[in-house]
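A.B. asks: All chains, full assembly: derive it from the sequences and hints.
Sequences listed follow chains A and B, in order. For the first sequence, this note's numbering begins at 1 and goes up steadily by one. For the second sequence, this note's numbering begins at 1 and goes up steadily by one.
Calculated from the structure, these hints are not laboratory results. Note that the coordinates shown come from a computational prediction; the quantities given were computed from them, not determined experimentally. Ideal Cβ positions, reconstructed from N, Cα and C, are used throughout, including at glycine. The reader is advised that the hints may include incorrect statements.
[Stated by the list, open to error] Examples of chain A residues lying across from chain B (beta carbon under 8 Å, computed):
#1 Pro456
#2 Tyr497
#3 Gly502
#4 Thr506
#5 Gly510
#6 Glu511
#7 Ile512
#8 Ala515
#9 Thr519
#10 Asp534
#11 His561
#12 Arg563
#13 Glu565
#14 Ile567
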Amino acid sequence: MSKGIKFSPRYVFYSLDERLQLIIIGAIVGIFGGLASVALNRSLRYFSNISHPMRHLWYAPLLPAIGAALSAFFLRQVVRDLGAHSVPEVIYSISRKGGLLRLRTSFSRLVSGFLTIASGGSAGPEAPVVISGASIGSNIGTMFNLRDRQREVIVGCGAAAAIASIFNAPFAGIAFSLEVILGEWTTINLVPIAIASVVGTEVSRILQGNQIPFHHRIFHSGTPDLVACIGLAVLTAFGSVMLIRLLKVTESHSKKVTSVFWLRAALGGLIVGTIGLYLPQVLGEGYEVIRRVIGEQYSPGIAISGLAALGKIVATSLTIGSGGSGGLFAPCLVIGSLTGLFYQSTIASVFPSITWAGESYFALLGMAGVLSSVLQAPLTGIFLVVEITGGYEFIVPVVLVSVISATISHYFEPFSVYHQELITRGELLRPRTDARVLAELNVMELLEKDCMLVYPEMRLKEFVSIVQRSHRNYFPVVDSKSGDFLGMIHLDDVRPYLFNTGLHDTVIVGEIMNANVHTVSPDDELTEIITVFDREHSWSLPVVQDGKFLGLISKATLMDHYRKELIIQEEK
Amino acid sequence: MLEHEDMNLSTREVARLLDMPEETIQRWIRKGSLPAVEIKGQYMVREHDLKRWADMHHIVLNESPKDSRQGPEPKDISIFKAMQRGGVFYGIKGNNVKEVLEDMVRVVTLPENLDRNMLLELLLEREKLASTGIGEGIAIPHPRTMPEGILKLPIISTCFLEKEVDYNAIDAKPVFVLFMMISPSIKVHLEMLSRLSFCLRDRDFIRFLKKSPGEDDLLKRVKVMEERLKPASTTEP
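C.D. replies: Have a look at this one:
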């Protein structure tokens, strides 16, 4: 009776609506993303119990050095997983590679991140978790035969699940994925990402319990506190700019110190370890420090808290800049909380008559400020801090500090630390932007081959008869024997002389062609070609490969294809 | 331009720099897409702002005025002056194309920075592509292209041959006079060629040439002919 109709789960799945498919895959990715983050979190916690007593021993500074070297060695030599930092790599893959990430990436960064952080390197577990979540998403997407556009969303799901589960903060996961990773807020993105985020959070709650990572004391804040927030926002903005700049400096300078990658990582780790001898707060991912600051069990005074914040900035730049593996989330939170603490102690001693809301109040705001500024993602900063502290009642100052701090730091460092490198390389391509449209089109798609070739020894008379038969204004000149491209004739340049019959036998094509015409190659990026069009004031450019003429590329055709491409991309 | 960092640009100047109509620039300013200030009811754009804006939007500013990329306009070209510069020579020796060109390059006056051997090579190379003998015993040897920056003004050297030479000319007639033409650009070359060919279409002039006229007589006659040509040859708008 039911002959010919195959009833398999696979058939059912593929007959579903596309959105429903994405939601299901998003949920699966959420589970794995959640598991990855629980795994890293658990191993870090386990190891920190062992390593904590060792931090006071004489050889303590060697630990981060060994950890960083091992981590770099593991990435380079064992799994051969090179590439940029974790989060930029995910964004790059979405920008340029349709969300493709290698399978080994799903665990390699977890291992290298563990080695760096557990040994005391100043970095966070979030970035390794984000890239493994993203890579899990990418590979599951490929398994389900998803198209590039859908795979990109699923990669965003993996990243969201990772952040959501490591911080037990579903909304921060959504915000991070949309704001930083995908860069666009559309419903088709939002739904699967939200599902993945929720599933990831739930996985971590089942395995680790539903706990708010950083408990805070209840405080009573007044108008003076809100006014004081503005000062804190300025301070966190400057702290963030300092961190971003120092990261760049260490990254570019460490390559000059030594070209041996593991030695570079080891040196960075050694300096961090040495700083750790005097300021143990800077070591590791620093969750313990945040916990004590928020719980108001840590009151080191103005000088030490300021110094610790600076130390953390330096240690983080060294760890990550020298090639260690890890993220910026946790360090940002530590820097933020210490900055808040420093600020609170300062204003408390300047205005002793005012009753301030307390250290934890400013520490929380500092966290939101630094995170929003460094990531240039205020929503992520706001929701993360509110969720990890359970402090919904003080959302007003959190929003205030986040947006002011992000705005001020934007003035000095306009791009998120994750986007910066891609932007300088011109590879941050958000959907429906000029750069994205131009990147997707390529020269061969735009090639016009219906050109009439002319040869240098042709007399003007013959050329005129070719002009009569053609419908173009550009005539490529090629060598009649070798076929090599020699130059172009633009009709506008020779038009006045075409009808001068006295010249018909005197002039040959070879002497009226423009031999210095700018040529493009089939591999050139359209963005470069557009610049050439503008610079040369040209409407058509010859496409030449290995000296041979392939065809013309014209502004008019480009415009036509550009518009269609834009319309296609809008169809989300 | 860089000296005045804060120079205010009018919408017309901005339109030129962006290579867009002024109406578009004003619409962009009204929309707030292009930063501008209002001075006495006129929109003005600060140069610094414009540069930053263009940079941010990956737009190339059209800094150079339009004519600088075109080279000299052919309006001021005169074959009379070019012939004056190039000079007139008599009794060029040789039995074939190569030999007469060799002798010609040896005797003509040339700008100091122009290498005679290179010129000869370029002339021969051009003859190889197609003969420059245009018929009626006249040839216009010239290089196909000139390396950039050697010449500012075109030159025509008039060279009467000792005896007629077979030049593979288009009408197979042997050649008795060479007009060697060197131009700084293709545009100039074409304009000169079109003027010269106008003169050479005149049968009287060819008969006059056959008599190997003296330099002064020749130039005077060319000057008269070119003046007749001037109103007719408005090639450029």
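A.B. asks: Run every hint past the structure and note whether it holds.
C.D. replies: So, going through the hints one by one against the coordinates:
The beta carbon of proline 456 (chain A) comes within 6 Å of a beta carbon in chain B, closer than 8 Å, and the hint placing it at the interface holds. Taking 8 Å as the C-beta cut-off, the interface hint given for tyrosine 497 (chain A) holds, the closest approach to chain B being about 5 Å. A distance limit of 8 Å between C-beta atoms decides the matter here; for glycine 502 (chain A) the minimum to chain B is near 4 Å, and the interface restraint holds. For threonine 506 (chain A), the interface hint holds, since its Cβ comes within 8 Å of a Cβ in chain B; the closest pair sits about 5 Å apart.
Nearest Cβ of chain B to the Cβ of glycine 510 (chain A): about 5 Å, under the 8 Å cut. The hint holds. With its C-beta approaching chain B no nearer than about 5 Å, glutamate 511 (chain A) sits inside the 8 Å limit, and its interface hint holds. The interface hint given for isoleucine 512 (chain A) holds, since its Cβ lies 6 Å from the closest Cβ of chain B, which is under the 8 Å cut-off. Hint on alanine 515 (chain A) holds. Least Cβ distance to chain B is approximately 6 Å, under the 8 Å limit.
At about 17 Å, the closest approach between the beta carbon of threonine 519 (chain A) and any beta carbon in chain B exceeds 8 Å, and the interface hint on this residue is violated. Interface restraint check for aspartate 534 (chain A): the shortest CB-CB distance to chain B comes to about 4 Å, inside 8 Å, so the restraint holds. The beta carbon of histidine 561 (chain A) comes no nearer than 19 Å to any beta carbon in chain B, farther than 8 Å, and the hint placing it at the interface is violated. At about 18 Å, the closest approach between the beta carbon of arginine 563 (chain A) and any beta carbon in chain B exceeds 8 Å, and the interface hint on this residue is violated.
Taking 8 Å as the C-beta cut-off, the interface hint given for glutamate 565 (chain A) is violated, the closest approach to chain B being about 17 Å. Restraint check, isoleucine 567 (chain A) versus chain B: the minimum CB separation of about 21 Å is more than 8 Å; hint violated.
The structure is inconsistent with the numbered hints 9, 11, 12, 13, 14, although it conforms to all the rest.
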